[in-house]
Amino acid sequence: DVKVTQSSRYLVKRTGEKVFLECVQDMDHENMFWYRQDPGLGLRLIYFSYDVKMKEKGDIPEGYSVSREKKERFSLILESASTNQTSMYLCASSTRTSGQETQYFGPGTRLLVL
Amino acid sequence: AQSVTQPDIHITVSEGASLELRCNYSYGATPYLFWYVQSPGQGLQLLLKYFSGDTLVQGIKGFEAEFKRSQSSFNLRKPSVHWSDAAEYFCAVVPGGGYQKVTFGIGTKLQVIP
Numbered sequence: 001d002v003k004v005t006q007s008s009r010y011l012v013k014r015t016g017e018k019v020f021l022e023c024v025q026d027m028d029h030e031n032m033f034w035y036r037q038d039p040g041l042g043l044r045l046i047y048f049s050y051d052v053k054m055k056e057k058g059d060i061p062e063g064y065s066v067s068r069e070k071k072e073r074f075s076l077i078l079e080s081a082s083t084n085q086t087s088m089y090l091c092a093s094s095t096r097t098s099g100q101e102t103q104y105f106g107p108g109t110r111l112l113v114l
Numbered sequence: 001a002q003s004v005t006q007p008d009i010h011i012t013v014s015e016g017a018s019l020e021l022r023c024n025y026s027y028g029a030t031p032y033l034f035w036y037v038q039s040p041g042q043g044l045q046l047l048l049k050y051f052s053g054d055t056l057v058q059g060i061k062g063f064e065a066e067f068k069r070s071q072s073s074f075n076l077r078k079p080s081v082h083w084s085d086a087a088e089y090f091c092a093v094v095p096g097g098g099y100q101k102v103t104f105g106i107g108t109k110l111q112v113i114p
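Chain order of the listed sequences is A and B.
Read in order, the letters of the first sequence correspond to residues 1 to 114 in my numbering.
Read in order, the letters of the second sequence correspond to residues 1 to 114 in my numbering.
Do not rely on the hints blindly, as some may be mistaken.
[Stated by the list, open to error] Derived DSSO-like pairs: lysine-lysine, alpha-carbon spacing no greater than 27 Å straight-line:
#1 K101/B with K3/A
#2 K101/B with K55/A
#3 K61/B with K49/B
#4 K70/A with K101/B
#5 K101/B with K53/A
#6 K57/A with K101/B
#7 K109/B with K3/A
#8 K49/B with K109/B
#9 K71/A with K101/B
#10 K71/A with K18/A
#11 K3/A with K68/B
#12 K55/A with K18/A
[Claimed, not checked] A short list of chain B residues far from chain A (calculated; beta carbon distances all over 12 Å):
#13 S14
#14 A17
#15 Q38
#16 Q45
#17 L46
#18 P79
#19 D85
#20 P114
Calculated directly from the structure, the hints in this document are not laboratory data.
Please read all numbers here as calculations on a predicted model, not as lab measurements.
For glycine and all other residues, C-beta sits at the position ideal for the given N, C-alpha and C.
Please take these sequences and the hints and turn them into a complete structure.
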């Protein structure tokens, strides 16, 4: 069965902390994505990756960075957390790459920055 | 730029009643179209998708969607709603013609009353 896991369901951090959100998929997918989900705004793409060590900016990359050292793992990094980064973060993966692929989502990490 | 509009933020239906969730897209060519569902505390799961061919698409959990090119719409329907269908529903669009990122609508939250 297809599985995308995220390291934490809930996370509370302080302003200025460095935050790591981890995502692991077991489907050997080439593509991985990080979204944030906010009420009234839907899902917005932060970063995505086509392959190991490859990354592309999405719509809202400011304040975030990513790392993909292994095919199955895609990390989102908040270099210095701010209160406006309080949100639900969703990781997804898909095969490559005609646009028709289903994206498989993890359960999400709800981050609160105080 | 492509856009996806879900005009209804909240919808309430009675259990057993029919359901239609609206989705309109703005793009010149026929894009790839998707409906995802997010149950409380979960990630998103694909309900159905349309690329070409028959404009009426069947999905999981008894859902279907109809692509209408003239109206730039891809509305989701279910003839009889069950209490377990209470969730948030997202329409998503990919322009097509090779990989391009997915654009999600803001979501429609469905409440089912007994």
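Each hint, compared with the structure:
no.: 1; hint: K101/B with K3/A; verdict: 21 Å, holds
no.: 2; hint: K101/B with K55/A; verdict: 13 Å, holds
no.: 3; hint: K61/B with K49/B; verdict: 14 Å, holds
no.: 4; hint: K70/A with K101/B; verdict: 22 Å, holds
no.: 5; hint: K101/B with K53/A; verdict: 19 Å, holds
no.: 6; hint: K57/A with K101/B; verdict: 11 Å, holds
no.: 7; hint: K109/B with K3/A; verdict: 25 Å, holds
no.: 8; hint: K49/B with K109/B; verdict: 20 Å, holds
no.: 9; hint: K71/A with K101/B; verdict: 19 Å, holds
no.: 10; hint: K71/A with K18/A; verdict: 23 Å, holds
no.: 11; hint: K3/A with K68/B; verdict: 33 Å, violated
no.: 12; hint: K55/A with K18/A; verdict: 20 Å, holds
no.: 13; hint: S14; verdict: 25 Å, holds
no.: 14; hint: A17; verdict: 26 Å, holds
no.: 15; hint: Q38; verdict: 8 Å, violated
no.: 16; hint: Q45; verdict: 7 Å, violated
no.: 17; hint: L46; verdict: 5 Å, violated
no.: 18; hint: P79; verdict: 24 Å, holds
no.: 19; hint: D85; verdict: 18 Å, holds
no.: 20; hint: P114; verdict: 26 Å, holds
Checked against the numbered hints given earlier, the structure breaks hints 11, 15, 16 and 17 and satisfies all the rest.
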